[in-house]
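**Q** Those protein sequence lines, which keep their order, are chains A and B. First residue of the first sequence: 1, per my numbering; consecutive thereafter. First residue of the second sequence: 1, per my numbering; consecutive thereafter.
Each hint should be verified, as a subset may be incorrect.
[Stated by the list, open to error] In silico BS3-like cross-links for lysine-lysine, where the CA-CA straight-line distance does not exceed 25 angstroms: (1) A:Lys149 <-> B:Lys603; (2) B:Lys603 <-> A:Lys109; (3) B:Lys206 <-> A:Lys17; (4) B:Lys615 <-> A:Lys97; (5) B:Lys44 <-> A:Lys150.
[Said to hold, decoys possible] To give an idea of the interface, some chain B residues facing chain A are shown, with a C-beta separation under 10 angstroms as derived from the structure: (6) Phe252; (7) Ile313; (8) Leu377; (9) Phe470; (10) Ser676.
Derived by calculation from the structure, the hints in this document are not laboratory data. Treat the numbers as computed from the prediction; the structure is a model and nothing was measured. Beta carbons are placed, not taken as given, at the ideal position from N, Cα and C, and that holds for glycine.
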Amino acid sequence: MNIDQINVEEQIGPVGKVLKESYGNRSVLIHCLQMIQAEEGYLIGDSLSKLSKKLGVPLSEIYSVASFYKQFNFKPRGKKVVRVCLGTACYVRGSEKVLSILEEEFGIKDGETTEDLHVTLETVGCVGCCGLAPVATINDVVVGELVLKKVGKLIKSIKEE
Amino acid sequence: MGRINSLEELKNLRIRLKENIFKTDRKRVRVCCGTACSAQGSKKIVQTFEEESAQKGMDIEVLMTGCQGLCQKGPVMKVEPYGYFYQKVTYEKVREIISKTFSREAPVRSLLYRESVLDDPIKKMDDLPFYKKQVRIVLRNNGFIDPCNVNHYIAVGGYAAMEKVLSTMTPDQVLEEVKRSNLRGRGGAGFPAGRKWEHCKKSTGKIKFVIANGDEGDPGAFMDRSIMEGDPHSLIEGMLICAYTLNAEYGFIYVRHEYPLAVKNLRIAIKQAEELGLLGEDILRTGMNFYLDIREGAGAFVCGESTALVASIEGNRGFPRPRPPRLSEVGGGLWGYPSNLNNIETYACLPPIIENGAEWFRSIGTENSPGTKVFALTGKVVNTGLIEVPMGITLKEIIYDIGGGIRNNRKFKAVQTGGPSGGCLSEEHLDLPVDYDSLINVGSMMGSGGLVVMDEDNCMVDIAKFFLSFTQRESCGKCPPCRIGTYQMLEILEKITSGNGEEGDIEQLEKIGNLVKSGSLCGLGQTAPNPVLSTIKYFRDEYEEHIKDKYCKAKVCKGLGVYRIDGSECFSCSLCKKACAFDAVNETKDAFYIDRDYCTKCKACYLACPIGAVKIGSRVIPWVIPEQCEGCSDCVHACPVHGLKMYETENEGIFIPWLSDPDLCVSCGKCSAVCSSSGVVLTTHVQEAKQRFLTKRPKGLVIEDEKKKSGYIESGSKNNATESDSVVLIDSDK
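Given only the sequences and the hints, what does the whole structure look like? Please build it.
**A** Right under this line is the structure:
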């Protein structure tokens, strides 16, 4: 991603008028990280150093912020990101079982990626589809009511290219 | 659409839109496009409707609305002007709806809601038991308007409250009205919004911020999301009213990044409002400025805490900090400017309050908690979904009348309110009125409004562990009581649920829990032990059962209980044997049994059995009552592990059964089942029974072995004793 193209002022919005420049730049840091990750899949060191120069935020602090939030990754992720919801509603309806089946199927644990970079398995606090519990998402597409029969189907659809 | 240049123009626009939009005689479908219904294909339904109606040349208006509430039966839709409510709609049914309902005005019976198969279908939405007891104030427009169309919002009376505020009220009057309404923060703690505003209003300084907290991280809660997705303009209007009162020029909505649809709809709403001159510079030419922007979170639960949220907007790690200074004070808020932070739902409550007056609002709900509350009703209830009920309604009404009772006719066990910060309430609280104070009195809290219902298949210790593992994971790590305390508590819970619980663990949990509560810096830590403490309070017997009897009656926790195969149910499919990774399932000539020495209690066999013949029982052991025993030795023959042997008592010629090695017992209960004289009973006092078997063994001979020795019984005969068994026994007797 071309870091230079990020229009910082537009990102800051009208509030930039009353803020010190350093405050304003800092306030869009998380958003910039999100943009980088959306484009490149994960946070690459090079991009971060460029961002550091652009925003005037020390690289160490960028790392400090990026490592705090769960959303950011420093490692490449799979083509298909499978998130199993472990929210309360899903949990009481047995989503842990779904997770363990998937873990076994792909031989990876929660948070890991398969070696061929095809699947990343993650858990999420709540997707907000509690009515359909247990729920998983594949690249943000929600798959609901994962009874054991449906898990087989889910695995098949994950394996598809 | 052009900019609106005066309050008068807004009023005229509303009158014009009211006449043109939502005409009552128009053919129209309102399809729920909330996240749950979208996941089940409502977008495709909308598409099919548009194609089919165009093909048939029918003029049908297709509205994509926000969440209509009944997520369980999604996708749902309302068909107007007939008022039919359809559930579980699929795109294949669209043609039928058009031909039956729109052409012949008859309902599609298969899509109507039924209480059960035998009941008559219910045609109208308001007649559904799910909606009957609801009072929709915050969700008034959810499911009614298209959230991406500002005209819809204005047509149903939107921005009228802002108009009223700008034309007839001073900021002080608005503040007075909000204070009088006693609107309490919907985010969880229930701090009165009016008092919060007053603090902020009093603070000096030209620049002030109005912030909406949409970082709804509670697992099992989606109230704020539905408002942001389904009715974003009501949030914007609420924030405008607040900004006017506090004379604030800038506002932020902090949204979780897991809610992409909410972000999208909010962006559209803000853009539309700006184009109409309802946001931005010189709003409606009244001289008021208010700039609203969205900031996305990045997946940290702690950012729902006010000071952490502010840190996150500033672009820092989401660490909370001690208060004072409060957000509303100079030096405390966003970039040090006084800021007012309220929950999404709180802001969405404001327009109706201003429009209808504080007295009207106070007439709903209870004395100290006026108004309504949106709950996400989930878990083991029949109808899950989003509900809005007046405060003071009982839990029973919510669970049984609105939720339709427990799924699969199971028994109610507990309801969890308030997410990871709340507590679990038991059956005795079903008649408890739901409001801020009564929930806090029983050790739970309102929280942002998640209601998770649990039945007898849920283990309360496991649930407590689940919530604690969530808060432990989400603890930011800044203050030690939370960081270390939650970790230690989790360790103890792990120990208990894996069958290694010890005497004193419960007391230890309570002690650490109270320390974490009193010593933590922010709301996350202060409330993190609540699920554990409340389950200990109301379900202490379950904890004790886990620790003392090593048994989990919900059969959830691995590593507890005694596994056995019920021979009368087992049809020898051998799936359990295949499932066992530890070769603990053994096969005899006519039955399968589980060898306790090898069993790791991993539940694999339990899950593998297609007919439920693998039973998890509490640890029981036979207790021989010599006075009752007839000496028939049926129990000896019934014992699958040959643990029971006949021993001669001090009275010559009288034999009673005795466990030669108590550790052999697999708690199958067969000895007691075959006993016709109650000479062998089962007891859960395992330790005492073991002691008795070891220390009070009758002095006499083992009759079976003697008989075998003398050739009276040939080896391998009826009693199934194998060669190796007798060898062991003889050895032990020596």
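**Q** Each hint should be assessed against the structure and marked as holding or not.
**A** Tested hints:
no.	hint	result
1	A:Lys149 <-> B:Lys603	19 angstroms, holds
2	B:Lys603 <-> A:Lys109	20 angstroms, holds
3	B:Lys206 <-> A:Lys17	14 angstroms, holds
4	B:Lys615 <-> A:Lys97	19 angstroms, holds
5	B:Lys44 <-> A:Lys150	21 angstroms, holds
6	Phe252	8 angstroms, holds
7	Ile313	6 angstroms, holds
8	Leu377	9 angstroms, holds
9	Phe470	7 angstroms, holds
10	Ser676	42 angstroms, violated
Violation of the numbered hints given earlier is confined to hint 10; every other hint is satisfied by the structure.
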